[in-house]
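*Asks:* Sequence:
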Amino acid sequence: MARSGPFIYEKVKAALTEIIAAQGLVPGDRLPSERELVSRLGCSHHSVRRGLLLLEQERQIERRIGSGTFVRETAGGPRSTGRAERATEVRTGHPVGLICPSGPDNFQTELLHHLHVQAERREMKLLIRTIGDLDLGAEEAGRELMARGCFALILPWVPRITPSERLWRFVQAVGGPLVLPGPVAGLERHCFEKPEIFGRASFEAVEMACCYFRALGYGNIAFFGWDTQEADLQRRILAYSRFASRHGLATHIALAGHRAEEVDAVVDRWSGMASDLAVVCLGDEDALRLMTAVHKRGLRIPEDVALMGFKNIPMAHAADPPLTTIQFDYDYVADGMLRHAEALAAGGSAQAEGRARQVLVVRESCGARDRAGDRLNEIVERVQEHRDEAVEEE
Numbered sequence: 388m389a390r391s392g393p394f395i396y397e398k399v400k401a402a403l404t405e406i407i408a409a410q411g412l413v414p415g416d417r418l419p420s421e422r423e424l425v426s427r428l429g430c431s432h433h434s435v436r437r438g439l440l441l442l443e444q445e446r447q448i449e450r451r452i453g454s455g456t457f458v459r460e461t462a463g464g465p466r467s468t469g470r471a472e473r474a475t476e477v478r479t480g481h482p483v484g485l486i487c488p489s490g491p492d493n494f495q496t497e498l499l500h501h502l503h504v505q506a507e508r509r510e511m512k513l514l515i516r517t518i519g520d521l522d523l524g525a526e527e528a529g530r531e532l533m534a535r536g537c538f539a540l541i542l543p544w545v546p547r548i549t550p551s552e553r554l555w556r557f558v559q560a561v562g563g564p565l566v567l568p569g570p571v572a573g574l575e576r577h578c579f580e581k582p583e584i585f586g587r588a589s590f591e592a593v594e595m596a597c598c599y600f601r602a603l604g605y606g607n608i609a610f611f612g613w614d615t616q617e618a619d620l621q622r623r624i625l626a627y628s629r630f631a632s633r634h635g636l637a638t639h640i641a642l643a644g645h646r647a648e649e650v651d652a653v654v655d656r657w658s659g660m661a662s663d664l665a666v667v668c669l670g671d672e673d674a675l676r677l678m679t680a681v682h683k684r685g686l687r688i689p690e691d692v693a694l695m696g697f698k699n700i701p702m703a704h705a706a707d708p709p710l711t712t713i714q715f716d717y718d719y720v721a722d723g724m725l726r727h728a729e730a731l732a733a734g735g736s737a738q739a740e741g742r743a744r745q746v747l748v749v750r751e752s753c754g755a756r757d758r759a760g761d762r763l764n765e766i767v768e769r770v771q772e773h774r775d776e777a778v779e780e781e
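Under the numbering used here, read the sequence shown as residues 388 to 781, first letter to last.
It cannot be assumed that every hint is accurate.
Restricting the straight-line Cα-Cα distance to at most 16 Å, the calculated cross-link-like pairs of lysine to aspartate or glutamate (EDC-like) are [said to hold, decoys possible]: (1) Lys398 x Glu765; (2) Lys683 x Asp707; (3) Lys683 x Asp655; (4) Lys683 x Asp718; (5) Lys581 x Glu740; (6) Lys683 x Glu648; (7) Lys683 x Glu649; (8) Lys398 x Glu768.
Cβ-Cβ distance ranges computed for the label pairs, FRET-style [claimed, not checked]: (9) Arg547 x Asp416: 39 to 49 Å; (10) Ala408 x Ala572: 42 to 52 Å; (11) Thr638 x Gln714: 21 to 31 Å; (12) Ala409 x Glu765: 27 to 37 Å; (13) Arg530 x Gly735: 20 to 30 Å; (14) Glu765 x Gln714: 12 to 22 Å; (15) Thr496 x Arg553: 44 to 54 Å; (16) Ser431 x Gly573: 39 to 49 Å.
Derived by calculation from the structure, the hints in this document are not laboratory data.
What you are looking at is a predicted structure, and each value in this text was computed from that prediction instead of being measured.
Glycine is no exception: its CB is placed at the ideal position from the N, C-alpha and C atoms.
All chains should be modelled from the sequences, with the hints used to inform the complete structure.
*Replies:* Written out as structure tokens, the structure reads:
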């Protein structure tokens, strides 16, 4: 479902950019206070905070607790550091190596594409090696890439259920600067994002989805996903359970393995809640599996069961009906990995510490057309602002 125009906070972001340019602000200069911006722009505190957040995510500004908001000091700015210059010197004429476990799914393929895009933007070359698993062959591939002149290596994803001991051996065998997609005990400095905030995006996504369905008036909000031992599933179930507990809602959690019959059984179990059931799914693939099972049982989407996925894979748009989802911020991860690779090669660290920008992509599967009508833009903006407030309170 297309929206009629930009959200208020997007207009605020544009206005803030104009203020920085018009006043000739340079890195280190302080922006007007939130109170002053509210008065000057004629909007709410929520919209100003959301607009500032967008600029912070793009690394144009930084907010310092107790001091205010400042134009960010960038590597190319007038106050750039010698470390940034060393990072540029390290990668000049040298590629960064990507070690990609084989059999990538939709998410991993999209991440690889964004790594290419961000590398081109940063004028970096990529050398890619595909491996079967993190075994001796992977260690050999890593050493080979370093021997071919790579200034650093990136492991953009890890095969499912990979023991931490195997990652330890891999890191030690490679011997050079290496970026990992998540924190591992004893290898925290290799993670592209600061370990203390890693996984926060999963909580935010579930919080956003639950808030959205509640705003649409659904009395039953459920969670469905792939039956796996991955930490991301655990984080999302915890986020869902916390939301239900805070709002006095009954919890409905179901996980399914490979067999279609397992998903069919979930639909049978939940069919008694038809017409007032919304399901938050672990990913788009899970939502599409559930969608198939709902159709098989003769139920309608979204009239009987509303669905929301996560990641916005290409198949989500082509689903019947098109799947409402939350857009994953691939650029945040890709840029964070490349930045940290540069910093490690220069003897420093640049773990991402901003927030990934996750945006609701509203399509037909959530029932917004009938339940929200003209209030949809207002609901979406309020839900995204609420998510930011919830995180700031933590």
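*Asks:* Hints first: check each against the structure and report whether it holds.
*Replies:* Hint check results:
1. Note on lysine 398 and glutamate 765: the hinted pairing holds, with a Cα-Cα distance of about 14 Å set against a maximum of 16 Å.
2. Distance restraint check for lysine 683 and aspartate 707: the Cα-Cα separation of roughly 13 Å lies within the 16 Å cut-off, and the hinted pair is therefore satisfied.
3. For the hint pairing lysine 683 with aspartate 655, the CA-to-CA distance comes to about 11 Å; that is within 16 Å, so the pair holds.
4. With a C-alpha separation of about 37 Å, the suggested pairing of lysine 683 with aspartate 718 is violated against the 16 Å cut-off.
5. Pair hint lysine 581 plus glutamate 740 holds up; C-alpha atoms about 6 Å apart against a cutoff of 16 Å.
6. Proximity of lysine 683 to glutamate 648 is assessed by CA-CA distance (about 11 Å); at most 16 Å being required, the pair is judged to hold.
7. Proximity of lysine 683 to glutamate 649 is assessed by CA-CA distance (about 13 Å); at most 16 Å being required, the pair is judged to hold.
8. A distance of roughly 12 Å separates the Cα atoms of lysine 398 and glutamate 768; the hinted pair therefore holds under the 16 Å criterion.
9. One distance hint, 39 to 49 Å for the beta-carbon pair arginine 547 and aspartate 416, holds here, with the actual separation near 47 Å.
10. For alanine 408 and alanine 572, the hinted distance range of 42 to 52 Å is satisfied, since their beta carbons lie about 46 Å from each other.
11. Separation of threonine 638 from glutamine 714 is about 26 Å and conforms to the stated range, judged on CB atoms against 21 to 31 Å.
12. Separated by about 30 Å at the C-beta atoms, alanine 409 and glutamate 765 satisfy the suggested range of 27 to 37 Å.
13. With their beta carbons about 23 Å apart, arginine 530 and glycine 735 fall inside the hinted range of 20 to 30 Å.
14. Roughly 20 Å separates the CB atoms of glutamate 765 and glutamine 714, a value that falls within the hinted 12 to 22 Å.
15. A C-beta distance of roughly 24 Å is found between threonine 496 and arginine 553, which places it outside the suggested range of 44 to 54 Å.
16. A hinted range of 39 to 49 Å holds for the C-beta pair serine 431 and glycine 573, which are about 45 Å apart.
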